[in-house]
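From first to last, the protein sequence lines stand for chains V and R.
The opening residue of the first sequence carries number 372 in this note's numbering; numbering runs sequentially from there.
The opening residue of the second sequence carries number 163 in this note's numbering; numbering runs sequentially from there.
Any given hint might turn out to be false.
[As the list claims (entries may be wrong)] Taking lysine to any residue pairs in the SDA-like style, the calculated list, with each CA pair at most 25 Å apart, reads:
hint : chain 1 : residue 1 : chain 2 : residue 2
1    : R       : K273      : V       : A820
2    : R       : K318      : R       : N283
3    : R       : K273      : V       : P822
4    : R       : K165      : V       : S430
5    : R       : K266      : V       : N537
6    : V       : K422      : V       : D578
7    : R       : K273      : V       : A922
8    : R       : K199      : V       : K782
9    : R       : K211      : R       : L183
10   : R       : K165      : V       : R934
11   : R       : K165      : V       : W675
12   : R       : K199      : R       : A188
13   : R       : K266      : V       : S430
14   : V       : K782      : V       : V632
15   : V       : K586      : R       : Q202
16   : R       : K328      : R       : A317
17   : R       : K266      : V       : N427
18   : R       : K266      : V       : K586
19   : R       : K273      : V       : R934
20   : V       : K586      : R       : T238
21   : R       : K278      : V       : D578
To be clear, the hints were calculated from the coordinates, so they are not data collected in a lab.
Okay, here's what each chain looks like letter by letter:
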Amino acid sequence: MTLVGWAQIALFCAVVIALVKPLGWYMNRVFSGERTFLSPVLRPIENSLYKIAGVNERSEQDWLTYAVSMLIFHIGGFLILYVLLRTQGFLPFNPQGMTAVAPDLSFNTAVSFITNTNWQNYGGETTVSYLTQMLGLTHQNYLSAATGIVVAIALIRGFARASTRNIGNFWVDITRCTLYVLLPICIPLALFLVWDGIPQTLGAYVDATTLEGAKQTIAVGPVASQVAIKMLGTNGGGFFNANAAHPFENPTAFSNFIQMVAIFALGAALTNVFGRMVGNQKQGWAILWVMGVLFIAGVAVCYWAEAAGTTGINDLGLVGGNMEGKEVRFGIPASALFAVITTAASCGAVNAMHDSFTALGGMIPLINMQLGEIIVGGVGAGFYGMLIFIVIAIFVAGLMVGRTPEYVGKKIEAKEVKMAMLAILVLPLMYLGFTAVASVLPSALASIANPGPHGFSEMLYLYTSSTANNGSAFAGITGNTPFYNITGAIAMFVGRFFMIVPALAIAGSMAEKKIVPPSAGTFPTTGGLFVGMVVGVIVIVGGLTFFPALALGPIVEQISMTRNMLF
Amino acid sequence: MFKLLRPAFVLLVSLTVITGLIYPLAMTGLAGALFPKQAQGSLIVRDGKVIGSELIGQSFTSDRYFRGRLSATTGTDPSDPSKTVPQPYNAANSMGSNLGPTNKALIDRVKGDVEKLRAENPSTPVPLDLVTTTASGLDPDISPAAAYFQVPRVAKARNLPEADVKQLVDRHIESRLFGLIGEPHINVLALNLDLDRVAAR
């Protein structure tokens, strides 16, 4: 580890923290329906959309209607993407003549993008046309991200409101989120990325004759527009197979830094939106503290492990840590930092190959995802995941002192705790259950690329990443088989919607409750004790769930490595 | 429930068109007007022919050129299209090696490469980035140490004084942004192009 490396990490944290207040202020205005500086341009577009759609922006929905609207919207999005993937061969913007994607792969990909996972069992530049990239994938990057944000907003409203059944209007929220939040940030971001070197063209791949006279076909495309929303919306689906490691998706350390900030910006700012909506910004900062403590711990371990390198390589007299599967322009600190960020948020873009990380370095991304990506988290998804953990933490705190637990003036009762437990239990059921099944199926085991405990980690990572809607991979595994395509899609679907629906149910029951004024017996939720309590609950609940699985994968691999055992 | 179908349909279609067509096409137009070179892929054209991209690494095998990092990309076998064969720096199929830390294949490969490089330049420690694969398979850069390591070989193959070649390397070092972000690196293709220019003089 170097001082410069840590300084880079500190600078990243400082920039993210500096953005929390302004972005939180702006998003709060957008979702409260107030005027913003973009209103003169966007208001007419917004109004005409509502008019055609028959939406009355003043009429709000209860949680169930909100949830059903969201689900219908996703079924439609799924169909569009599936049909595009199957018919791209007949459609325009296809200079490379890409043909139809196989049914199981199309199914996996469509589920993957509507759930904000962006797991990629296909290589972008070898499989999909420019039209699919734009109309199918870029579009879902927007809408799945917007969905995450609006679900978080609905849940926040549930806590902020009292004695009402309404938690907002899904149609209004999703339109405002897309028009006022995502697009206005992505446009300058995409232009910055082009300036920095990312291509943005509809032209065909370029044939070059290299200095040594060989032929090199260089894949290009409308890349920058997709990369901008891929990062900001924590989607993570690469235009190219190598994702953000590809020089055309991440040309310099500068673009890398900006992309890392983009991953965290909105998720971190949502804590401030929460504080503003419940009337005390300190409540938001306390949540950000919880996230920050877990984040820095992850960065420290991952950076240390990667900088220390592996025994096998170090024994050959090489110094400098673990550079296998990393890019020189980023080096070890920016690669380790990126890996922690992308899995803390539910982004899943990678600027280095996680499969080649050291055992402990690769375990941190796994842990981040298994905790449910609550450290900042996917835009929205992380925040409602965190609120679910807070419900549990407050419940535990209430049990300790024998009082009905309260959070931001709302009593936490049996229904909320049940819903929170449902969300927390269904995730490990998916990733542990499917990993167990895959471990005994010869056809599933055949997909493994690395022998020994690392192979187990590859399967565990696949299902963890799918369930957590992350999308990064231990990419050596051959995921494009009917078994993995279908089970992976199920994990992604359950991981997304069995989290969102309980979150909305909690929103609904919270909104109906009265506000209880704080009394002497109220557990203060803005201080260090609260932060410590939530961190503790997350570590204990998380650790109990997945520690045994980690022991079979990365932990046993680490021990083997230190004893110079190879597989 | 049916009341929800109209907004679902209208908003899905209109937001799809806005984010999936208008946005990327507008960005393509703007990017082409503002930054035409980058938008096309930062291509390097010499005598009317494209010889590569500034950002994409190339495979160098000759002793006369600086070599880049190992690349694990593959391509179809030219003699048998049903087969996939290693094809380093295939810029139409990016990928890493994905070899794990305890994989014997990785350690054996590195060991072999280290031995070869030690034979080539016994006096200098082998730089790590020359014996590890790039994440994308297309890394355009190497570390300054990896370039200095190759100076004796390149100078000998080209009959140039080592000091001149070393000076060339010095000029190509790109340092950290604000002294903080990223790692110092050297673009191999740019260095080799410059090398050809100097040698031609």
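Status of each hint after checking the structure:
| no. | hint | result |
| --- | --- | --- |
| 1 | K273(R) to A820(V) | holds, 20 Å |
| 2 | K318(R) to N283(R) | holds, 12 Å |
| 3 | K273(R) to P822(V) | holds, 19 Å |
| 4 | K165(R) to S430(V) | holds, 13 Å |
| 5 | K266(R) to N537(V) | violated, 59 Å |
| 6 | K422(V) to D578(V) | violated, 49 Å |
| 7 | K273(R) to A922(V) | violated, 29 Å |
| 8 | K199(R) to K782(V) | violated, 59 Å |
| 9 | K211(R) to L183(R) | violated, 32 Å |
| 10 | K165(R) to R934(V) | violated, 65 Å |
| 11 | K165(R) to W675(V) | violated, 56 Å |
| 12 | K199(R) to A188(R) | holds, 17 Å |
| 13 | K266(R) to S430(V) | violated, 63 Å |
| 14 | K782(V) to V632(V) | violated, 36 Å |
| 15 | K586(V) to Q202(R) | holds, 18 Å |
| 16 | K328(R) to A317(R) | holds, 9 Å |
| 17 | K266(R) to N427(V) | violated, 64 Å |
| 18 | K266(R) to K586(V) | violated, 33 Å |
| 19 | K273(R) to R934(V) | holds, 18 Å |
| 20 | K586(V) to T238(R) | holds, 13 Å |
| 21 | K278(R) to D578(V) | violated, 32 Å |
In summary, the structure is inconsistent with hints 5, 6, 7, 8, 9, 10, 11, 13, 14, 17, 18 and 21 from the numbered list given earlier, while agreeing with the others.
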